[in-house]
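In the order they appear, the protein sequences are chains A and B. If you want the working numbering, it's the position in the first sequence, counting the first as 1, plus 36. If you want the working numbering, it's the position in the second sequence, counting the first as 1, plus 19.
Don't take every hint at face value.
[Said to hold, decoys possible] Keeping only pairs whose Cα atoms sit at most 25 Å apart, straight-line, the calculated DMTMM-like set for lysine to aspartate or glutamate is:
no.	chain 1	residue 1	chain 2	residue 2
1	A	45	B	115
2	A	45	B	194
3	A	447	B	60
4	B	105	B	214
5	A	447	B	184
6	B	74	B	60
7	A	244	A	326
8	B	105	B	45
9	B	259	B	220
10	A	45	B	146
11	A	447	B	214
12	A	286	A	123
13	B	74	B	45
14	A	51	B	240
15	A	45	B	186
16	B	74	B	194
17	A	447	B	45
18	A	51	B	102
Hints listed in this document are in silico derivations from the structure and should not be mistaken for laboratory results.
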Amino acid sequence: MSIYGLAIKSLLNRKHTVLLTVAVISLSVTLLLGVERIRHEARNSFTSTISGTDLIVGARSGRIGLLLSSVFHIGSAENSISWESFEAISRNPQVRWAIPLSLGDSHRGYRVLGTNDDYFNHYLYGRGRSLQLTAGQRFAADHEMVLGSEVAEKLGYKIGDHVVVSHGSGEFSFRDHDENPFTVVGILAPTGTPVDRTLIIDLAGIDKIHADSTLEGSDHDAFDVFLKDADNHEHGDEPEQITAFLLGLKSRGAALGLLRTINTYDKEPLTAAMPGVTLQELWEAIGVAENALLAVAGFVVVVGLFGLLVTLLTSINERRREMAILRSVGARPHHLFGLMVGEATLVTLSGVAVGVALLQLSLLVGQSLIASRFGLYIQGVGLSFNQLLLILLICGCGVLIGFIPGYRVYKYSLADGMTVKL
Amino acid sequence: MSAFTQSNKIKSLLGPVYIDSVEAVETIINITNLQFAWRRDAAPVLDIAQLNISKGEQVLIEGPSGSGKSTLLNLLAGVATPDHGKLTVLGQNLGEMSGADRDRFRADHVGFIFQLFNLIPYLSVVENVTLPCRFSRLRRDKAIQNGFNVAAEAMRLLTHLDMNDPDLLGRPVNELSVGQQQRVAAARALIGSPDLLIADEPTSSLDANLRESFIQLLFDECASRGTTLIFVSHDPSLEKLFDRTLRLADINRAEKPAIHVLKGGK
């Protein structure tokens with residue numbers, strides 16, 4: 037009959053322990069759902085480090101290597117590709133836009149990217165977000181530079197500061213290009229992508245510093261081949277070599293065909309990769325950590341539910357008298373079993389409800405903070421399918437946990453009858 | 020609904036078995052050659068050749084600790100079943116009923132008052148009184164028939180037992196005095212007019228002057244609704260109040276094992 041009404045009253049009678057148990061469960065639920073949410077967003081954010089780009093093209097290498105060097109700026113491409121190839125492929129009728137990328141230089145550990153205005157026009161990340169400037173403007177001349185948000189923040193650069201670029205990619209580089217300081221003209225908004233850790237200059241700027249320094253310097257042996265080649269031409273706006281380029285196509289369906297064309301390009305050995313697919317592959321490889329995180333959060337919930345079990349089991353001994361009274365007024369053993377399961381269910385449900393509310397609240401409050409700090413855009417409130425599954429699982433476990441004290445009470449009530457030996 | 024169909028409804032609720040026993044007037048409890056041991060290999064703690072209690076009787080079962088009173092109550096309540104012999108309550112052979120049926124039978128037909136701590140601490144006075152109606156449809160229907168609804172019937176019983184002070188009703192039950200708690204327990208045992216009321220030392224925590232008035236209230240309520248009262252006590256001074264006294268030591272043929280004396284069956 038209305039055994040659940042009894043369960044509610046009995047819980048209210050033991051508010052303090054019950055509230056503590058609810059608190060433990062709700063915090064663990066918040067943690068688990070939060071981790072699941074952030075895991076989901078991290079994956080989203082990672083796999084949309086670059087979006088809107090249909091193909092990445094670089095010198096012949098592995099697809100992941102190409103992605104790492106051109107998008108994440110990790111490692112360095114072993115070979116460059118010629119400007120002629122870039123021009124030839126970007127004239128393909130399927131191509132809507134093409135962005136050249138030239139990497140290889142750095143500033144205090146941050147990579148320098150040489151590109152052109154199209155980078156700001158077409159580069160997209162996340163769900164089709166374009167790069168936004170928080171201050172200043174795009175570069176308009178060879179010696180002008182736009183900074184990623186992290187570079188500007190960590191190194192304390194402002195608009196108008198002069199920045200010196202060095203060869204190579206380490207913290208301490210082979211040689212500073214002292215002769216060619218760049219002027220900061222713009223700072224980008226945080227993106228949560230490697231763009232934040234990049235200094236962006238015009239392609240011509242990169243080419244120019246290398247050309248200029250070769251004229252004076254003699255310790256550039258490592259770059260001789262590359263630079264000599266550059267010197268043999270008259271310098272226009274066009275560089276001789278770039279590291280990679282990004283392509284946006286008129287229709288997505290053309291990507292596969294063009295990919296094949298590029299991979300079999302006969303003038304130069306090239307590799308093309310579809311960034312979305314390759315990012316997924318990469319995430320599969322490094323995504324183990326997120327699973328570990330989820331497992332830890334899962335264990336916290338298990339601990340919370342154990343707390344519930346302990347609360348219920350310790351209450352049983354104090355409540356044998358109560359159980360005997362209930363038996364004497366006609367409660368059957370299955371009623372007492374139901375009372376225990378009902379209490380466990382109510383505690384779990386309220387814990388889950390409070391936990392979900394807590395999570396949504398902290399998301400609402402923390403959304404902008406997380407976005408600006410970590411560049412992680414958490415899309416609104418609400419629950420994902422995975423989170424709903426987790427919630428159902430937790431509620432199910434809560435009910436099952438009630439079976440343990442329920443069974444003991446059932447046994448006691450059969451053994452004790454109405455005489456309580458305390 | 021007419022009075023006729025009402026009473027028919029009650030008869031149908033009681034079931035055909037009781038119609039017979041009502042007409043035959045009126046053995047409510049019949050024990051024949053009953054033996055009971057708590058464990059299969061142990062000596063029996065209860066061995067009763069013959070015991071009959073009639074409907075409406077107010078019987079005192081008197082005996083010292085360890086004489087088997089608790090065991091007898093557990094048997095009458097259907098919590099335990101006899102190992103040998105026959106135990107019939109309201110014409111039903113309890114030994115042949117399933118556990119669930121005995122539970123249902125107890126819920127429908129037996130009210131209890133214990134020595135102490137009768138009340139559920141997290142329920143109000145009235146909620147405690149109406150508790151049996153949550154578990155027995157029969158007693159709920161009878162309570163509704165007696166009063167206007169279950170809570171009104173509870174209030175009526177509490178008023179009869181001098182427990183209708185609104186201040187008392189609003190208090191948490193564990194702030195009531197022992198005497199007040201016992202009266203609430205009596206109201207609970209009486210709600211829905213069970214056929215049998217079993218009181219297990221209900222007055223042993225009460226002062227002597229309260230004791231008699233409590234028993235008198237119980238007598239009045241039982242008499243007014245034809246409830247049979249079985250009152251268990253170790254106190255021989257109560258004998259004078261009852262029509263009939265059974266000394267358990269006289270009717271129980273089981274030898275008292277020392278271990279049971281130590282355990283003290285209350």
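Consistency of the hints with the structure:
no. : hint          : verdict
1   : A:45 - B:115  : 37 Å, violated
2   : A:45 - B:194  : 17 Å, holds
3   : A:447 - B:60  : 21 Å, holds
4   : B:105 - B:214 : 20 Å, holds
5   : A:447 - B:184 : 40 Å, violated
6   : B:74 - B:60   : 36 Å, violated
7   : A:244 - A:326 : 44 Å, violated
8   : B:105 - B:45  : 17 Å, holds
9   : B:259 - B:220 : 16 Å, holds
10  : A:45 - B:146  : 11 Å, holds
11  : A:447 - B:214 : 28 Å, violated
12  : A:286 - A:123 : 17 Å, holds
13  : B:74 - B:45   : 5 Å, holds
14  : A:51 - B:240  : 38 Å, violated
15  : A:45 - B:186  : 21 Å, holds
16  : B:74 - B:194  : 36 Å, violated
17  : A:447 - B:45  : 36 Å, violated
18  : A:51 - B:102  : 45 Å, violated
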